[in-house]
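Enquirer: Listed below are the residues making up each chain.
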Amino acid sequence: MINRTAYDVEVGEMSEQDAAEVFDGITRRELGIDGPEFLDRWDAGEYQSTDRDDLDGLSEVVAAMSLVR
Amino acid sequence: MPGRTPCDAVEEFIAPLREAVRILDGVGRLMVSPKGGYRKGVRYSWVLNGADGMDLGAAGWFIASMEFEVIDADPAKNEYGHPLRVTARSYHYKLRGRDGTDQWRMHWHPAGRSRVTGPHLHLPPDLKQHRPTGRMTLENAVGWCMESGAAVTTESAEKARQEFALIEAPHRLHRSWT
Chain A
1 MINRTAYDVE VGEMSEQDAA EVFDGITRRE LGIDGPEFLD RWDAGEYQST DRDDLDGLSE
61 VVAAMSLVR
Chain B
1 MPGRTPCDAV EEFIAPLREA VRILDGVGRL MVSPKGGYRK GVRYSWVLNG ADGMDLGAAG
61 WFIASMEFEV IDADPAKNEY GHPLRVTARS YHYKLRGRDG TDQWRMHWHP AGRSRVTGPH
121 LHLPPDLKQH RPTGRMTLEN AVGWCMESGA AVTTESAEKA RQEFALIEAP HRLHRSWT
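Protein chains in written order, with our numbering: chain A, 1 to 69; chain B, 1 to 178.
Bound conformation, chain A alone (with noise of 0.2 Å):
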């Protein structure tokens, strides 16, 4: 069966209010909470001594933290 999608790949810059909302779903997605608040928890050092493999979806937050800084 031939399967042709009917739409392109396209690729995209980013505005900085998409990423502060794809970061937000990542957050929220992986971590069970919102953008900010990770950004805040994260300053104040409260992941400071987790291994980012010992919380499910901390490294993939973590890495995503380039979209908003």
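Calculated directly from the structure, the hints in this document are not laboratory data. Positions of the beta carbon are idealized from the N, C-alpha and C atoms, including for glycine. One or more of the hints may lead you astray.
Stated by the list, open to error - Under 7 Å between C-beta atoms, here's a sample of chain A residues computed to sit facing chain B:
| no. | residue |
| --- | --- |
| 1 | V9 |
| 2 | M14 |
| 3 | E16 |
| 4 | D40 |
| 5 | L55 |
| 6 | S59 |
| 7 | A63 |
| 8 | S66 |
The hints should help you fit chain B onto chain A, whose structure is shown.
Expert: Coordinates of chain B only, in the frame set by chain A:
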């Protein structure tokens, strides 16, 4: 593939990623972080379809992101003598099933606090376990999606595998790892 300017290098880097995602039957958008243009030494990232990931129908959602940076290339090692190329700094690829559970996760996050800094794979039933791998490309992850049941836009799975090989070929020539 190297480029003459940072922007050229990023375009050369993104082009094969786009081709790989096109093999999957679904709506794909590679969203790149905003940093006011591309420069050497700045960490950028792309995210496939934002936080939602790519909807692959019954196979689930393909969730993928990568951090990358523009670095110096050896002009003697590419036919155009271009001075810049892009290198990945971390990646996270996973297939989340329709029931919300992860079917597999491919991770590489060499920086930061982690006892596992090499590329690795998490598989159920124990997703906490780290299985060491070589560096995995987005093409590899797209191939895993296909093997996990995602529909493809090529005539057959075999044809898709051939396309992956063609897409990866230039990258294999220029990357610094094996």
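Enquirer: A separate judgement is required for each hint: does it hold in the structure or not?
Expert: Going down the list of hints, with the structure as the test:
A hinted interface residue such as A:V9 counts as satisfied when its beta carbon comes closer than 7 Å to some beta carbon of chain B; here the least separation is about 4 Å, so the hint holds. Interface hint status for A:M14: upheld, as the beta-carbon distance to the closest one in chain B is roughly 5 Å, under 7 Å. The closest approach between the C-beta of A:E16 and any C-beta of chain B is roughly 5 Å, which is under the 7 Å cut-off, so the hint is satisfied. The beta carbon of A:D40 is not positioned within 7 Å of any beta carbon in chain B (closest approach about 19 Å), and the interface hint is therefore violated.
Nearest Cβ of chain B to the Cβ of A:L55: about 11 Å, over the 7 Å cut. The hint is violated. Annotation: A:S59 was flagged as interfacial toward chain B, and the flag holds, the nearest CB pair being 5 Å apart, inside 7 Å. The criterion of a C-beta within 7 Å of any C-beta in chain B is met by A:A63, whose closest approach is roughly 5 Å, and the hint holds. With a least beta-carbon distance of about 5 Å to chain B, the hint placing A:S66 at the interface is held under the 7 Å criterion.
When each numbered hint is compared with the structure, violations occur for hints 4 and 5.
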